[in-house]
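Participant: Quick note, the sequences are listed as chains X and G, same order.
In terms of the numbering used here, the first sequence is residues 1 to 319.
In terms of the numbering used here, the second sequence is residues 1 to 173.
There may be inaccurate statements among the hints.
[Stated by the list, open to error] Only pairs whose alpha carbons sit at most 25 Å apart, straight line, appear in this in silico DSS-like list of lysine-lysine:
{"id": "1", "chain 1": "X", "residue 1": "182", "chain 2": "G", "residue 2": "29"}
{"id": "2", "chain 1": "G", "residue 1": "117", "chain 2": "G", "residue 2": "27"}
{"id": "3", "chain 1": "G", "residue 1": "142", "chain 2": "G", "residue 2": "127"}
{"id": "4", "chain 1": "X", "residue 1": "182", "chain 2": "G", "residue 2": "60"}
{"id": "5", "chain 1": "G", "residue 1": "127", "chain 2": "G", "residue 2": "57"}
{"id": "6", "chain 1": "G", "residue 1": "142", "chain 2": "G", "residue 2": "58"}
{"id": "7", "chain 1": "G", "residue 1": "117", "chain 2": "G", "residue 2": "157"}
{"id": "8", "chain 1": "G", "residue 1": "27", "chain 2": "X", "residue 2": "182"}
{"id": "9", "chain 1": "G", "residue 1": "29", "chain 2": "G", "residue 2": "117"}
Rather than coming from a laboratory, the hints here were simulated on the basis of the structure.
Source: prediction; values computed, not measured.
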Amino acid sequence: MKTLGKMKYALAFLFVLLAANFLVAQKVREGSAPDGMKNVPNGDGSAAAVAAGPTGQAVVTGNGINYNGGPVLKGTVPIYIIWYGNWNGTGSNTAATRTIIETLIGGLSNSGYEKINSTYGDATGNVSGAMTLVKEVFDSGSQGTRLRNSRISSAISAQLTSGNLPTDASGVYLFLTSSDVKESGFCTQFCGFHTRQTLNGADIKWAFIGNVDQCPSGCEAQTTGPNSTAGSGGGADGMANVIAHETEEAISDPDLNAWFDSSGQENADKCNFRFGTTSTAANGSHFNQTLGGLNFLLQMNWENSRGGGCDQTLGGTFQ
Amino acid sequence: MPSYFRGSLLSALIAVTIFATAQEPVKPKLNPRIITATRQVTIFSNLEIQLLEAVRKKDKAGLQAMLTDDFAIDMPNADRLPGDDWLDSVMAKDYILKNFGVRQMSVADLGNAAVVKFDRPQEATHKGIADSGDFFVVDLWKKDGDTWKLANRYVSKVSSVVPKGPSKPTGKE
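Based on the sequences and whatever the hints tell you, model everything.
Facilitator: Written as structure tokens, this is what we have:
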């Protein structure tokens with residue numbers, strides 16, 4: 001009887017241990033954020049913890065997208081480009097693509113299209129709609145041709161610590177890869193993404209955009225774009241569209257805690273691959289923006305005013 | 001049984017049980033990043049939501065129109081479930097799908113077919129008993145003229161706990 005009693009205590013102890021273990025495991029599964037942090041969407045329905053932003057400021061809401069308390073990038077936003085891989089190759093991996101993207105960045109600044117982003121703000125002001133391409137660097141493949149997040153951040157970090165690029169928390173770093181470079185999830189899940197990380201001691205906002213000639217059906221609106229030349233593919237035009245998307249989001253939601261809706265969609269996500277009315281270029285392709293003297297087919301962006309909607313220019317027709 | 005042996009056995013049992021229940025598959029960390037979904041992810045997200053809405057609303061005709069004639073479901077440790085049987089089960093009055101999500105989708109575009117993988121949290125009841133949880137789904141969609149039809153599904157329950165996350169959009173958030 002004495003032994004049976006001991007066994008009862010042992011079983012009760014085992015039950016308590018198992019229950020505690022179960023509860024701890026559930027907490028991990030729920031992904032609860034530590035103190036001072038908050039869960040933010042990853043854009044794919046999942047969530048991750050980031051530092052919580054300030055809350056309670058007066059900003060314009062009620063237009064189909066929510067303000068979640070974090071900062072936006074104000075003033076003229078510096079843009080830095082890291083051309084990763086072989087950009088002296090063939091197809092769209094050439095200097096011609098680089099010129100098209102440089103023209104795009106210059107043309108976007110203060111355009112009616114980019115001014116849609118000026119409907120987003122934080123406690124201290126709104127996005128200006130201005131940006132400037134400050135510096136470009138090349139990395140022929142320091143992290144190999146099979147990338148993942150950690151390798152991209154290592155490559156960007158190396159540019160900052162070496163001083164090749166300034167460490168600028170107010171800027172956006174575009175990491176653009178040639179079509180021979182693979183990134184896990186690129187073309188099957190995404191055409192690009194943006195994020196933030198502490199690199200070289202600063203809160204660095206960076207975006208990955210691959211050469212979409214790897215998957216025209218997944219990431220290009222049209223295989224021949226308005227700037228495509230014979231045999232070049234639509235990579236430059238396709239990348240231009242994704243770059244426009246990522247820069248809009250990296251500016252209006254730089255720390256992933258400012259502007260997104262209840263399903264986790266940021267402004268450009270809400271209009272992904274929606275172009276509105278288009279014109280036809282001489283080569284038969286479609287375009288809806290003329291920036292820096294070049295035609296582009298860029299997705300619309302979500303305007304945070306007039307009830308909210310996708311349009312091609314600030315104050316334009318919602319489509 | 002000698003008491004020292006009983007003690008050792010009990011300790012071993014406790015250790016093994018704790019070890020077994022505490023194990024989680026080793027998986028890469030989810031990076032906080034916001035993606036630009038591919039065109040296929042956009043298309044098939046909409047189709048999967050349309051399909052789940054048909055289940056939720058008991059729209060048998062709408063659901064049937066999205067399936068191939070030989071649609072079937074595979075699950076671990078179970079016989080293949082024919083499409084008609086599945087239709088009957090989800091259309092039954094005692095099956096109630098309350099909420100659902102479609103997350104972390106990837107699509108392999110194979111031309112006239114597409115392999116779609118995603119995570120599906122759901123809240124549901126069957127005969128009054130909770131049938132909620134997080135499911136991993138692999139769907140094979142086939143092109144049928146201008147439309148896509150679901151030909152085969154593999155589904156496995158990952159957890160009985162519905163993970164927290166962004167709720168369904170209403171369009172007026």
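Participant: To test your reading of the hints: which numbers does this structure violate?
Facilitator: 3 and 4
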